[in-house]
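*Asks:* Given chain P's structure and the hints, the job is docking chain U onto it.
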Amino acid sequence: MDALAPKENLITLKNAGVSQGGRTLVSGVDLTIARGEIVTLIGPNGSGKSTTAKMATGVLKPTTGTVTRQPGLKIGYVPQKLSIDWTLPLTVERLMTLTGRFSRSEIDAALEAVGARRLLHAAVQELSGGEFQRVLFARATIRKPDLLVLDEPVQGVDFSGEVALYELVRQIRDTTQSGILMISHDLHVVMAETDTVICLNGHVCCRGTPAAVKRSPEYLRLFGERAAGSLAIYQHHHDHEHHEDGCVVPDGEAHSHEGHRHEGHRHG
Amino acid sequence: MFGDFFSRALIAGIGLALVTGPLGCFVVWRRMAYFGDTMAHSALLGVALSIILSMNMTLGVFAVAALVAGALIVLQKQATLSTDALLGILSHSTLAVGLVLVGFLTTVRIDLMGFLFGDILAVSVDDIVIIYGGGLAILAILIFAWRPLLASTVSPELAEAEGLRPEASRLVLMILMASVIAIAMKLVGVLLITSLLIIPAATARRLSATPEQMAVVAAVLGAVAVVGGLFGSRTWDTASGPSIVVMALIVFLVSLTVPVTRLYGRKAPDGARS
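Protein sequence lines correspond, in order, to chains P and U. Heads up, the first sequence is in UniProt numbering, so the first residue is 1 and it goes up one at a time. Heads up, the second sequence is in UniProt numbering, so the first residue is 1 and it goes up one at a time.
Watch out, some of these pointers could steer you wrong.
As the list claims (entries may be wrong) - One side of the interface only, derived from the structure: several residues of chain P facing chain U at Cβ under 8 angstroms:
#	residue
1	Gly21
2	Leu25
3	Thr57
4	Ile75
5	Tyr77
6	Thr87
7	Leu90
8	Leu98
9	Val149
10	Gly202
11	Leu220
The set of hints was computed from the structure by calculation and includes no laboratory data. Bear in mind that the values here come from a model prediction, so they are computed numbers and not experimental data. Using N, Cα and C, we set each Cβ at its ideal position, and we do this for glycine too.
Bound-form chain P, shown alone (with noise of 0.2 angstroms):
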């Protein structure tokens, strides 16, 4: 495991979880994350994926278990959802600068490396789903975060898109060299990107590159056959894409398996 390599790691999770109120969110969770490595954090709604971000984060504290960051570990953050009300007038300009001072032209090198320079003056109330979630990106990198965390990135844009999402990750990777934490859903492009998967249902169920994991029998009693059924749809895709080692999950199947009990479950 990357854990025993000689790298710097910007958060250590050790057995760690949370209860809350008598119940267990998430549990036993080892993670670490170090520069320049994407980790994706997968598993149906609640399963506790956002809960294991916000221990990674510093926002949760865990009930069990450890937690270490780097000191002075800077966190830029993509939100899954963020609708902002018209009665809040915000310009992209402004909204590049929304948790700390930047000068212009660090906006402009921001928004250019994402592509979305043109779009400064514009009121973030008028920018597409692909257009905002540009600039969540270029806002959450130009404060050079040491750990970026994205919270479902790709949710609500289109396949195209996506992989131009994944690309721009993969860029922010190379050129920022900052670690990368991933909350997804669905795994059919991210996969490759990806150097560790962690695939959580309360607890981590099983961990590895996108190749193993979409492999273990674990994931395949997660994910169920239907997965595997959609699979051969989404090959088409990466056929394309160049993703052969993308391992496939569709849009929707993790809500499908909403409430659904790792141990109970049928498959397997």
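*Replies:* This is chain U only, laid out in the frame that chain P set:
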């Protein structure tokens, strides 16, 4: 210039508007209008308790408004009744308890109408000192905490992930609102305070492209409403507090005729460099 009651009213009203404008923007952005109303209604309870306990009225009103805000947070965490039902209960019961308590106060004669609708023409030099002292403190805190307050308004989870504390921001805003209510009650009364928070801010929205612009424009528009309302009330001999609110409404209605799209930036055409 503090000599006659009309100039004192103008100075006090403008001072208040300069604070309620920017703070009111947060009330509009965070959809706290009903929440503000609830805190304002509790002010009458604050008045009654201050008299019973013979304490400073501004402090009493502030304390009760802050307590009501705290009570709401606690009740919200129980998550049994919806927030608007809780607000309805707190809003009307604090107002009713205040009215009942005021009725018991036989030793002191209370100008109930003055507390409900304000009496800006009766403002003293001491009141002006409180308004400007308190107002400057509120504005200073607002400016100092502006970035985290705004970030928490846009997205609490984003703010939290990037090291800010949205819960603290919420608390700061509640305390600032309780303070504004405490200093504004005498001027416009408990029933009209929130109008000075909401109407200028809502008017400013259509005229602004950034949050900061909106705050400044709201402050200016609030001052315009105060000046216009007071002169109107002198000319037509109408009640001063309601006249200010009516003036604010007129400015709002006029602003609706300004087309929004002309006022703020659109996307540059593809390939354009800005």
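*Asks:* Hints first: check each against the structure and report whether it holds.
*Replies:* Here's how the hints hold up against the structure:
no. : hint   : in the structure
1   : Gly21  : violated, 11 angstroms
2   : Leu25  : violated, 16 angstroms
3   : Thr57  : holds, 5 angstroms
4   : Ile75  : holds, 6 angstroms
5   : Tyr77  : holds, 4 angstroms
6   : Thr87  : holds, 5 angstroms
7   : Leu90  : holds, 7 angstroms
8   : Leu98  : holds, 5 angstroms
9   : Val149 : holds, 6 angstroms
10  : Gly202 : violated, 22 angstroms
11  : Leu220 : violated, 32 angstroms
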